[in-house]
Amino acid sequence: MDIPYTVTARPDTGLWNAKVGIWLFLASEVMLFGGLFSAYVFLRLDAAPGDWPHGLLNVPVGTMNTAILIASSVTVVMAWASLKMRRFARYKLYMGITILCGVIFLAVKLAYEWPEKFVHFGAHIKTEALEKYEPYLGNKHLLAKGHEPRNKITGHLHNHDALHDPNIHEFEIALDQVNADPTNPDSDRPHFWPVHATDKIAHVDKKDVKFAGMFLPNFNTYFATYFTITGLHGLHVLGGVLVFIYLWLPVGANLYKRNPEHLANRVEVAGLFWHFVDLVWIFVFPLFYLL
Amino acid sequence: MDETHEPISAEAAAVQDDGHAPEEHAAHDVAKHIRAYLMVGLTLLVFTAITVALSYIDFGTQKANVAVAMLVATFKAGLVAAIFMHLSNEKRMIYRILIFTAFFVLGLFFLTYLAWYDPIVR
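Line by line, the protein sequences give chains A and B. Be aware that the first sequence starts at 0, since it is given in numbering that gives the first Met the number 0, and climbs by one per residue. Be aware that the second sequence starts at 0, since it is given in numbering that gives the first Met the number 0, and climbs by one per residue.
Quick caveat, the hints were computed from the structure, so don't treat them as lab data. Do not take every clue at face value.
Said to hold, decoys possible - Under the rule of at most 16 Å between Cα atoms (straight-line distance), these lysine to aspartate or glutamate pairs were calculated in the EDC-like manner:
#1 A:Lys-144 - B:Asp-57
#2 A:Lys-199 - A:Glu-171
#3 B:Lys-62 - A:Glu-147
#4 A:Lys-144 - A:Asp-187
#5 A:Lys-144 - A:Asp-185
#6 A:Lys-125 - A:Glu-169
#7 A:Lys-209 - A:Glu-169
#8 A:Lys-205 - A:Glu-127
#9 A:Lys-125 - A:Asp-11
#10 A:Lys-205 - A:Asp-164
#11 B:Lys-62 - A:Asp-185
#12 B:Lys-90 - A:Asp-11
The whole structure should be built from the sequences, with the hints applied where relevant.
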């Protein structure tokens with residue numbers, strides 16, 4: 000069965016069918032991401048002072064990934080324009096670059112950004128014990144300057160067994176800069192360049208800890224929303240890349256020979272989806288990485 | 000009835016485009032737009048750098064910083080939608096779909112606002 004109106008406009012809508020289809024799909028996608036973003040807004044507005052962390056993600060890497068996604072949006076629209084001008088070799092080139100950009104984006108996310116979080120340790124300190132760990136938290140200094148308080152100690156966990164073994168009573172942590180030197184004004188606000196763990200060791204008694212673990216979705220609401228939204232976004236990037244690869248393979252060339260306008264339209268709707276994925280990232284990047 | 004039954008050659012399709020130009024993007028139009036696509040890409044990159052820079056400036060409160068960043072992001076998203084997604088020049092059908100989308104997504108965020116503001120308890 001042939002799908003009608005793949006290249007000519009349907010009289011009543013004034014559009015070829017796939018265009019209507021992709022926009023209806025994108026409308027549902029807006030609601031999907033809209034729901035998650037509204038959950039983010041709700042959770043963040045209700046977070047107690049100091050409970051919404053800042054500066055835990057790698058900003059230069061995030062900025063680079065943003066630039067890669069924007070570049071891929073340009074190349075996919077150039078791939079479509081090349082088909083419109085009937086320059087197939089150019090189309091293959093631009094589509095190839097788009098696929099490459101998508102793969103780099105995913106690789107950075109899955110091979111670097113996420114795994115880096117999986118090995119970063121943090122311990123939420125109980126309210127009554129905050130005073131005891133003041134040398135690592137610097138809350139008097141923060142209060143005097145009108146900043147939000149710190150209630151967790153983060154860094155590299157030396158004794159991994161402490162997470163599971165009830166006979167080990169304390170966590171041995173190589174502190175992050177912010178806990179190693181908490182009254183340094185340099186640590187008041189997040190940095191552009193990520194600051195890695197120091198050599199300074201702290202021992203945190205398990206009795207004083209509300210919850211401790213790696214930076215996983217269960218660590219706090221921030222990471223729960225971060226992994227949910229970037230995970231769903233990543234799945235969209237993967238979906239887009241798979242469709243682009245399909246259109247880039249000989250399937251695309253064969254369709255081009257039969258009906259170049261049909262391939263151009265397919266690339267256009269795939270591109271519309273890709274621009275939407277880029278558009279979502281434009282909001283994800285500042286909300287999670289910068290603010 | 001169905002145009003896909005008959006294979007159309009590249010030349011025929013091109014003639015169809017340039018001839019009666021029934022579709023919105025004729026080949027010579029596309030050529031003119033390429034410069035615009037590149038300029039938008041460049042603008043988006045510049046505004047990404049601006050977003051990063053602005054986040055390290057203290058606008059008084061965290062809320063003000065978020066507002067500034069969202070303003071820049073909305074401008075960038077508008078560029079993507081208008082130019083890359085061709086929304087600046089689309090058929091009415093698409094706008095009809097999007098009006099409903101906008102209505103429902105704004106309604107969703109309004110509910111979120113109500114849940115947070117909670118006029119009854121306040």
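Okay, the hints, checked on the actual structure:
Pair hint Lys-144 (chain A) plus Asp-57 (chain B) holds up; C-alpha atoms about 13 Å apart against a cutoff of 16 Å. For the hint linking Lys-199 (chain A) to Glu-171 (chain A), the alpha-carbon distance of about 10 Å falls within 16 Å, and the restraint holds. Simply put, Lys-62 (chain B) and Glu-147 (chain A) have alpha-carbon atoms about 13 Å apart, close enough for the 16 Å limit, and the pair holds. Note on Lys-144 (chain A) and Asp-187 (chain A): the hinted pairing holds, with a Cα-Cα distance of about 9 Å set against a maximum of 16 Å.
Between Lys-144 (chain A) and Asp-185 (chain A) the CA atoms are separated by roughly 13 Å; this keeps the pair inside 16 Å, and the hint holds. For the hint linking Lys-125 (chain A) to Glu-169 (chain A), the alpha-carbon distance of about 14 Å falls within 16 Å, and the restraint holds. For the hint linking Lys-209 (chain A) to Glu-169 (chain A), the alpha-carbon distance of about 13 Å falls within 16 Å, and the restraint holds. Between Lys-205 (chain A) and Glu-127 (chain A) the alpha-carbon distance is near 13 Å, which keeps this suggested pair within the 16 Å criterion.
Between Lys-125 (chain A) and Asp-11 (chain A) the alpha-carbon distance is near 64 Å, which puts this suggested pair outside the 16 Å criterion. Under the criterion of a C-alpha separation no larger than 16 Å, the hint pairing Lys-205 (chain A) with Asp-164 (chain A) is consistent with the structure, at around 11 Å. This hinted pair does not check out: Lys-62 (chain B) and Asp-185 (chain A) have alpha carbons roughly 22 Å apart, beyond 16 Å. Proximity of Lys-90 (chain B) to Asp-11 (chain A) is assessed by CA-CA distance (about 11 Å); at most 16 Å being required, the pair is judged to hold.
Comparing the model with each numbered hint stated earlier shows that hints 9, 11 do not hold.
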